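Turn these sequences into a full structure, and let the hints steer you where they fit.
Each chain is listed here by its residues.
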Amino acid sequence: MDPESFLDLANQVIKLKMYPYFDVAHSLLCALAVREDLGAGAQAFSRKHPLSCWLSTMLVIFAGGMVVNGLLGEPILAPLKNTPQLVIGTVTWYVVFYTPFDVGYKVAKFLPVKVVASAMKEIYRAKKVYDGVTHAAKLYPNAYVIMIIIGTLKGNGAGFTKLVERLIRGAWTPTAMETMQPSFYTKASLVASVIFVLDKKTDLISAPHALVYFGIVIFFVYFKLSSILLGIHDPFVPFENLFCALFMGGIWDSLAKLLGKGQPKEEAKDAKKTN
Amino acid sequence: MDPESFLDLANQVIKLKMYPYFDVAHSLLCALAVREDLGAGAQAFSRKHPLSCWLSTMLVIFAGGMVVNGLLGEPILAPLKNTPQLVIGTVTWYVVFYTPFDVGYKVAKFLPVKVVASAMKEIYRAKKVYDGVTHAAKLYPNAYVIMIIIGTLKGNGAGFTKLVERLIRGAWTPTAMETMQPSFYTKASLVASVIFVLDKKTDLISAPHALVYFGIVIFFVYFKLSSILLGIHDPFVPFENLFCALFMGGIWDSLAKLLGKGQPKEEAKDAKKTN
Amino acid sequence: MDPESFLDLANQVIKLKMYPYFDVAHSLLCALAVREDLGAGAQAFSRKHPLSCWLSTMLVIFAGGMVVNGLLGEPILAPLKNTPQLVIGTVTWYVVFYTPFDVGYKVAKFLPVKVVASAMKEIYRAKKVYDGVTHAAKLYPNAYVIMIIIGTLKGNGAGFTKLVERLIRGAWTPTAMETMQPSFYTKASLVASVIFVLDKKTDLISAPHALVYFGIVIFFVYFKLSSILLGIHDPFVPFENLFCALFMGGIWDSLAKLLGKGQPKEEAKDAKKTN
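Chains as they are written, first to last, in this note's numbering: chain A, 1 to 275; chain B, 1 to 275; chain C, 1 to 275.
Keep in mind that the hints were calculated from the coordinates and are not lab data.
Here the structure is a predicted model, which means the values were calculated and not measured.
Take the hints with a grain of salt, since some may be wrong.
A pair holds if it fits inside one copy or across any two, identical chains being indistinguishable in the list.
As a list, the in silico SDA-like pairs of lysine to any residue whose alpha-carbon atoms are at most 25 Å apart [what the hints assert, rightly or not]:
#1 48 with 172
#2 162 with 50
#3 109 with 257
#4 81 with 202
#5 109 with 166
Pasting the structure below:
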């Protein structure tokens, strides 16, 4: 592939319209996620509590926008003013939960459908991360940390609203906090936000903006497809382990252990547990 | 009653001033609700944790305004700037919890007092729903769903803040979500919001606005009094069942059962339970 | 000390710059508080969940500003735009949790260091309460209750975000609500807010503003040091008991008991418990 046409492609990706196809893919996967989160009792639940089911699905679909608005002092409900998107969300929700003989759910779960929708959702995610970083940069031009937080939350808002979403459905799982075990999507959105911030605010990245954006789209889609098709779930783990060993005390702790100093209590406890 | 004087009455109802009598009725019932929610230990609790008791009562009194402000990006504390209302709330709270020999509580619980206060509160509720819809319509002229959400929350905000209110009192009941088992007030506020939106935004309702408003007031008061005096709690249930059977899978599920297909797992479980 | 030079000193205190030394002291104590809240497993936790650890520490450091912004409809994330403060927070967090052989933590726990940092933090707290009251007074010039709430929350925001902070770390302790058992800091901030409101809005306090401010600083520092060095934890308790006896039903309840009326159920229960 010659570089010229590659850049052309990148420029086309950056201008892709999200409405309506990407919105459909996003809503479909969100509704599926809610249904899977409900587990075996999903269908019974959807019959008994349709309001709660609809509200929690909408929360998942609009999570990124709502969380970000809440944190930036903008109206939390504002994303709902986009009526076409709301209609798409409601229709996909209905299709996933209430079609006769569960046809909608079965079609949505069909591998090729899921693969295409997932790929589209990742393109959507990249756009949302980029929009989030840009929006935060407009409000706080020098606050890099805010840009990164907003980009990450736009990219994987549903991860952070999981507790509220389940609460709407009457379930409370305080230990399922995204901050405790960040998912791959959160980490990927974080990395993408950092790259967008570097691209926007510094001269460290010399590639044209369209290429940076396209690179992130490819990265998102590639790992999503690996995850579905090959079962590779988190390519960040080795880097994290290295980082933690270097900066989060890993090496020093080992040294302290070797020297017989440091956390003797914890060691004792750990020893007891392993025995 | 001739139509002319009926319309006159409707026009008077629409212009009713809420301050101070309706505010008193509302605050009184809110304080009673808090006291009843505390159960048998209410008095002991109010002696031991007056701050927590006051805060949760204020949250119940101002719930609608606070929740709506939170969702629309306006200051959550703003309703508290209405000093006279705050004073009324504090005085009624004090009367319900701390009067000597519990006189205040006993008077407030006395049936005729409760009936009058409840009727007034329903008139207040109708006004709040209408204000909520109007306010949302000003902000988002085309977002019907936002108008309905705001109207409903203004009408029964306390239902949705119940979790926070109890949390302030150190109790956590995640399964008591209003979305799981919407109360009659929530449903009535929802219906009223829909009617107000239809009245405001479409030509479907040809009756004069004052009559629509008055009709909703009568509907609210009528069912509240039925609930207190006759024990009728939820006139919406048959309509809901019909709606669920038609649109939320009821009929199709029965059909699927008949044909021996569909959710075999759930059926098996249900069968076990009923055995 | 002659009054002139005392007033001079007061005027200097009011103009004290908080950045950077007071910010360091504040961040250090916040990070220490997080570490102590984690208990024995703090070090293991910080190795396993650095992101969650960092986020919850930042929440504690910026708690006041974030909560107040949330309640006043301003961007919750705005305090993070102060990059130098964020850097200080991150560095102190790193020092407390990750220095080799736990040197940072041990130095921070060293009594003289802790005493100096605590004194500085109390000076900082007084300033924050004052800023909060001033800010609220600008927004709502007649809403005394809002001023007091904002002042209190600015003074001890971390107390009120404790639940969220622990939630970020995957722990949920709904009974640890600040409203149930307000700490000394909350009460002190409340009293200081009331005094600032009186000073600002009424003529009841005739002393010059600098003196009032200085008095509150001394009060904060004095009781903090008493608490660390002498173990006096809450000088408000006798006043509270008196107030509750007079106004929160104490006397009337005793009278009712004497007369054999009032809460017979609770009495019966209490009697059973004490037997």
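Query raised in the report: For which of the previously enumerated hints does the structure constitute a violation, in increasing order of number?
Result: No numbers; nothing is violated.
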